[in-house]
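First to last, the sequence lines map onto chains A and B. Each residue of the first sequence is one higher than the last, beginning at 1 in our numbering. Each residue of the second sequence is one higher than the last, beginning at 1001 in our numbering.
Among the hints, erroneous ones may be present.
Unchecked claim - So these bits of chain A aren't anywhere near chain B, every CB distance computed over 10 Å: (1) GLU33; (2) ASN94; (3) PHE102; (4) MET135; (5) SER139.
Stated by the list, open to error - Here are the in silico distance ranges between beta carbons for each label pair: (6) B:ALA1296 with A:SER92: 24 to 34 Å; (7) B:ILE1396 with A:ASP76: 21 to 31 Å; (8) B:ALA1289 with A:GLY16: 31 to 41 Å; (9) A:ASP76 with B:ARG1019: 30 to 40 Å; (10) B:ASP1416 with A:GLU77: 17 to 27 Å; (11) B:ASN1016 with A:ASP62: 37 to 47 Å; (12) B:ILE1396 with A:THR59: 36 to 46 Å.
Everything labelled a hint here was simulated from the structure, so no lab data went into it. Only a predicted model underlies this, so the values are computations on that prediction, with no experimental measurement involved. Ideal Cβ placement from N, Cα and C applies to all residues, glycine included.
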Amino acid sequence: MLIELKNIIKNYDNGGVITRVLQNINLEVDKGEFIAIMGPSGSGKSTLMHTIGFLDRPTSGDYFFDGENTKDFTDDELAKIRNEQVGFVFQSFNLLPRTTVFDNVMLPLLYSENKEGHDRRVKDALESVDLGERMSFMSNQISGGQKQRVAIARALVCDPKVIFADEPTGNLDSKSGGTVMHILDELNKEGRTIILVTHDINVARHAKRIVAIRDGEIVKDEKVAESERMHSKRSED
Amino acid sequence: MNNLYLKQAIRGIKSNPSRTILTTLGIMIGIGTVILVLSAGEGFKSYINAQVEAFGSNSIIIQTSVPASTKARSSSGIGSNEPQSSANNAVPITTLKVRDVEDIKNVSNVKNSYGASVGQQTVTYKNVSKSSFIFGASAARFDIDKGVIANGRGFVDQEDKALAQVAVLGNKIATDLFGNEDPLNKFVRIGNYNFQVIGVYEPTGSLDPTNDGSEIVIPVTTLQKKIQGIDYLIYIVAELQDNSKADATALDIIDVLRRNHYITDPVKDDFKVQTQQESLATFETILKAITFLLIAIASISLIVGGVGVMNIMYVIVTERIGEIGLKKALGARNRDILYEFLIEAILLTIIGGVIGIMGGAFFAFIVSKIAQGYGLDWAFIVPPWGVAISVSVSAIIGIIFGVFPAQNAAHLNPIDALNKE
Chain A
1 MLIELKNIIK
11 NYDNGGVITR
21 VLQNINLEVD
31 KGEFIAIMGP
41 SGSGKSTLMH
51 TIGFLDRPTS
61 GDYFFDGENT
71 KDFTDDELAK
81 IRNEQVGFVF
91 QSFNLLPRTT
101 VFDNVMLPLL
111 YSENKEGHDR
121 RVKDALESVD
131 LGERMSFMSN
141 QISGGQKQRV
151 AIARALVCDP
161 KVIFADEPTG
171 NLDSKSGGTV
181 MHILDELNKE
191 GRTIILVTHD
201 INVARHAKRI
211 VAIRDGEIVK
221 DEKVAESERM
231 HSKRSED
Chain B
1001 MNNLYLKQAI
1011 RGIKSNPSRT
1021 ILTTLGIMIG
1031 IGTVILVLSA
1041 GEGFKSYINA
1051 QVEAFGSNSI
1061 IIQTSVPAST
1071 KARSSSGIGS
1081 NEPQSSANNA
1091 VPITTLKVRD
1101 VEDIKNVSNV
1111 KNSYGASVGQ
1121 QTVTYKNVSK
1131 SSFIFGASAA
1141 RFDIDKGVIA
1151 NGRGFVDQED
1161 KALAQVAVLG
1171 NKIATDLFGN
1181 EDPLNKFVRI
1191 GNYNFQVIGV
1201 YEPTGSLDPT
1211 NDGSEIVIPV
1221 TTLQKKIQGI
1231 DYLIYIVAEL
1241 QDNSKADATA
1251 LDIIDVLRRN
1261 HYITDPVKDD
1271 FKVQTQQESL
1281 ATFETILKAI
1291 TFLLIAIASI
1301 SLIVGGVGVM
1311 NIMYVIVTER
1321 IGEIGLKKAL
1331 GARNRDILYE
1341 FLIEAILLTI
1351 IGGVIGIMGG
1361 AFFAFIVSKI
1371 AQGYGLDWAF
1381 IVPPWGVAIS
1391 VSVSAIIGII
1401 FGVFPAQNAA
1411 HLNPIDALNK
1421 E
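So that you can see chain A by itself, here it is in the shape it has in the complex (with noise of 0.2 Å):
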C-alpha cells in the first residue's frame, strides 16, 4: 500500500463562511496503480489531487504515505515529500521563464539533500522525454508539448515514487497531448505510480481506474477493463 486516505475532511474559510470542499473521502492506491481522478469543475477533484501530493494539508483525517502517517509532519518534512517521493505535472508547465531547459529540470535537485551526479540525472530524465537536444534552449524557445515534456522530466528527475498530473494535455493540442499521455502510459509500464486528473474521458481512459468525485464525495470506483483502455501510440491523432 503506497497511499492510503482515511476520512479526509478539508475545508475552505472565506471570512467566516466554511465551505467543505472534500467529504470523509477514503481511498487507497497501490504501487504501480495508474488512476484518474474524475469529475465536473468544482467537484474538488484538484483539492484531492493536492491533498495527496502534500501541496495542502487537509483539515482533518488520517493519510498514510508509504506506511508513515504524515499528519503531523512539518513544514520541512512535507518540503522534503515533495523533492523525493513525488513529482508533479501541471496544466500549464509552470516553468522558469528566462532559464534553459537544463536549469529547469535541474531545479528540483537543487533542493534535494542529494549532491550527487546532478548533470547525469538532468540529461538522463530529459533524454527518456526525447528532448536529449533541447537541453540548452531557453524554456520560451519551445513549443508547448515540448514544455510538457520538459515539465514530465522535473517531475521524475529525483525518481519519485508518485506522479501526479493535474489536466496535463489540458494546454495542448491532440497529437503533442498524445505524445503526453503515451510518456506516462510507458512510465506506469515501468512500474511508476501515476495519478491523474482529467475531466476528458479519452484521457482517463489510459488509466487502469477511475475514480469519479462529485461535491466532494467519491461517487465511482472501479477499473477499466482491458479491454476498454485507450493504448497510446507514439503520437495520436
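Dock chain B against the given chain A, drawing on the hints supplied.
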C-alpha cells in the same frame, strides 16, 4: 547550495535591471554621501597636516591666555574652564616677554625658539594700499618656519635688535602691491614707517589668512616699539630636537613660564602650551564630530533607501508568487525561499552600495581637484575602512529590510501560491 540562492537572486535582479537601479537609488545616495563625507574629511585632514608641517611639525606653540580664574569671575562660570586665547579677549595679557623666549631656548630638547607679535596694518606701495597681517618675529623664525623665501633673504638678529625697517612679503601681497615689478629693495609704507623689502615667500598652498601669502613678516622688536608701542609677545614657537619627548618638554616650558610669571596656582596660568600633536588631536576631535553629524544625516537616506528596497521586495514576492509555489511543489523548504529572497535583497542593497561608493569617490575626487585648483595641499583619499563599512552597512540594510518580505514568501502555502499565479 549557496550558489543556488545566488543564482536565483541574480536571475531575479536581471529580470528588471532598470527597476533594480531605481530601487537602490536611496542606498546609492546614502552610501555615496557617506563616502564623500569620509573622503573629503580625509582630504581635509591631509590639508591640515600639511599646514601643521608648514608650522614645523616638531614644534610647541606657547600662546597668551586669559587665566581660568579671571574668566570664571568675569563670566560667572559660564563656559568651559579651558584657558582662552587673549587674542579673542578685550583684556590683553602682557606678561609674555622676550626673556621668556631666551629661557625657553635653554630648556633641554628645545633646539630653537622665536617670539612673535601680530598686528593688522595698511600697507602702501606707490598708490596701492592693502590691509595685511603683520607678523613681528625674531630672526629664528626663518630657521624654524617651513616657509621658503623664493626671492631675497630673511632678516637677522642684529636687524631685529637694531629695530631695522625691513620686511619679508608673502607672495600674494607682493603681487598685489608690485604687480610685475620686482619688490626686492623697494620700500613699502607700514603705519608711519617705510620698510625695505628684503625677501618674498614662495606660495604656501593655504587658505589660512595668516599664512596664505597675504602676510608680511618684520622684526618683532620693530613691530613692538615702532608700530604697536608694546613690549610683550602674543606667541612663542619652540622647535624641538626630539618630537617624541614633546609632552615632557611642554611640561618643562610650563615650569619655566610659571617661574618667570610668578605663578604658583595652575588656574592662574596666563599662557597656553600646545604641542603639535595636541593641536592635531583637537582638530581631529572637531573633524570627527562634523563627520559623525554628516553621516547621521546621510543615514536618514540609508533608512529611506532601505524602506524602498523593502517595498520593492514585497512587490517582487507578489510578482513571483507562482514561482514560489512551484519551487515549494518541487521540494523547496521555507528557508530555501527565505534565503533566496534575502540574498536578492542583500544583492540589491550591495549593488546600490557599490554604485554609491563609486559616485561618492567620484565627487570626492572632484572636490579634491577643486581644492587643488585653489592651490591647497588636498589629497584624494577614499579610506578603505570606509568602503568596507559601507558595503557591510548596505548588506545589513538588505537583511533588515529584506527579512519581512522574504518571510512572507517563505511561509506561503504551496498550493495557494501556485493558484494565485
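For each hint, the structure was consulted:
| no. | hint | verdict |
| --- | --- | --- |
| 1 | GLU33 | 22 Å, holds |
| 2 | ASN94 | 5 Å, violated |
| 3 | PHE102 | 13 Å, holds |
| 4 | MET135 | 17 Å, holds |
| 5 | SER139 | 12 Å, holds |
| 6 | B:ALA1296 with A:SER92: 24 to 34 Å | 52 Å, violated |
| 7 | B:ILE1396 with A:ASP76: 21 to 31 Å | 27 Å, holds |
| 8 | B:ALA1289 with A:GLY16: 31 to 41 Å | 60 Å, violated |
| 9 | A:ASP76 with B:ARG1019: 30 to 40 Å | 33 Å, holds |
| 10 | B:ASP1416 with A:GLU77: 17 to 27 Å | 19 Å, holds |
| 11 | B:ASN1016 with A:ASP62: 37 to 47 Å | 45 Å, holds |
| 12 | B:ILE1396 with A:THR59: 36 to 46 Å | 42 Å, holds |
Hint violations for this structure: numbers 2, 6 and 8, all remaining hints satisfied.
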